[in-house]
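Q: For reference, the chains in residue letters:
Protein chains: 2
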Amino acid sequence: MRDAEELKRYIRDVPDFPSPGILFRDITPLLADGPAWQRAVEHVGAAVRSLGAEKVAGIEARGLIIGAAVAAHLGLGFVPIRKPGKLPRATRSVAYDLEYGRDALEIHSDASGTGERFVIVDDVLATGGTAAAAAQLVGELGAQVSGLVVLIELRFLAGRDRLGGLPVEAVLGY
Amino acid sequence: MRDAEELKRYIRDVPDFPSPGILFRDITPLLADGPAWQRAVEHVGAAVRSLGAEKVAGIEARGLIIGAAVAAHLGLGFVPIRKPGKLPRATRSVAYDLEYGRDALEIHSDASGTGERFVIVDDVLATGGTAAAAAQLVGELGAQVSGLVVLIELRFLAGRDRLGGLPVEAVLGY
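Residue numbers (our numbering), protein chains in the order written: chain Y, 1314 to 1487; chain C, 1314 to 1487.
Extracted from the complex, chain Y is given alone in its bound form (with noise of 0.2 angstroms):
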């Protein structure tokens, strides 16, 4: 694998979205690259399969996109993590701050069997309000949570201070 750093000419820089003062590092040129994509799942897998996993959870949406990829990358199953009334059986639910507003995020009760060790993984890491929430909701499965991989951490909002330890993977950082 080339160095991940070289993804970095891939993300774009939004002012001001979802809404004022937030820059938004915005992933879809990556995603329209072939080459650059295929890289950026197989960093994510490394980092993924470094932390023991035997299956991916991904957060709504971004998360999706990235989490789901990088499962059928390395053979593993993928749970997805979504936003309120989207799964269509039982769910646990969880409600959180974040950064610019609060909101909740569901998983399927019957997502996990006890102890298995699950990855979560998201595009970014900012405050680390949505990673704690989900790691919570993997944690109330009875499943163990191994870590968190992001393909992008913002530093300076230190979001891994605010998740208890939990060992972290960032892909790129800013």
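In case anyone wonders, no lab produced these hints; they're calculated from the structure. Incorrect hints may have been included.
[To be verified] Here are the simulated DSS-like pairs of lysine-lysine, each with C-alpha atoms no more than 27 angstroms apart in a straight line:
{"id": "1", "chain 1": "Y", "residue 1": "Lys-1399", "chain 2": "C", "residue 2": "Lys-1399"}
{"id": "2", "chain 1": "C", "residue 1": "Lys-1396", "chain 2": "Y", "residue 2": "Lys-1399"}
{"id": "3", "chain 1": "Y", "residue 1": "Lys-1321", "chain 2": "C", "residue 2": "Lys-1399"}
{"id": "4", "chain 1": "C", "residue 1": "Lys-1321", "chain 2": "Y", "residue 2": "Lys-1399"}
{"id": "5", "chain 1": "C", "residue 1": "Lys-1396", "chain 2": "Y", "residue 2": "Lys-1396"}
{"id": "6", "chain 1": "Y", "residue 1": "Lys-1321", "chain 2": "C", "residue 2": "Lys-1321"}
No experiment lies behind these values; they were computed from the predicted model shown.
Position chain C relative to chain Y; hints supplied.
A: The following block gives chain C in isolation, referenced to the frame of chain Y:
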């Protein structure tokens, strides 16, 4: 590749979701099984390749899961087609009727060069309203829509008849 029909045992029927009278085909058990999920990506990928795709577009939310994984598998770029307000840059938008209500989809205006061959991916082809809207969006970019690939076609709803002769490949049919 083994026979795709085997994948049907990972599709779960959920009656009355998201609204009364709808029989929802839940693909989460398929996603959660590593070998089955990998096999599904290979089957969808083979269909996408057979249609001559240069780029893959996926429709929010489950089309993002499948389309992004298939694009990475094939080494192709991926373009998300999303619900309103989710894409950070200038978009094209189209409103459409769907099986249960009315909705809209958006695509980044700069998501394609002229004439690029797109294949659109989604989980389910039902009445065809969503797929027709997605094909319209991609076409408005000046790209060529080479076809639609779905994991599941609900044949009794005859969605492909609403797609103006667009080539449609389905891995599984009901």
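Q: Indicate, hint by hint, whether the structure satisfies it.
A: Okay, the hints, checked on the actual structure:
1. Between Lys-1399/Y and Lys-1399/C the alpha-carbon distance is near 16 angstroms, which keeps this suggested pair within the 27 angstroms criterion.
2. Simply put, Lys-1396/C and Lys-1399/Y have alpha-carbon atoms about 14 angstroms apart, close enough for the 27 angstroms limit, and the pair holds.
3. A hinted pair counts as satisfied when its Cα atoms are at most 27 angstroms apart, and Lys-1321/Y with Lys-1399/C qualifies at roughly 21 angstroms.
4. For the hint linking Lys-1321/C to Lys-1399/Y, the alpha-carbon distance of about 21 angstroms falls within 27 angstroms, and the restraint holds.
5. The straight-line distance between the Cα atoms of Lys-1396/C and Lys-1396/Y is roughly 13 angstroms, inside the 27 angstroms bound, and the hint therefore holds.
6. Simply put, Lys-1321/Y and Lys-1321/C have alpha-carbon atoms about 40 angstroms apart, too far for the 27 angstroms limit, and the pair is violated.
Hint compliance for this structure: hint 6 is the single one not met.
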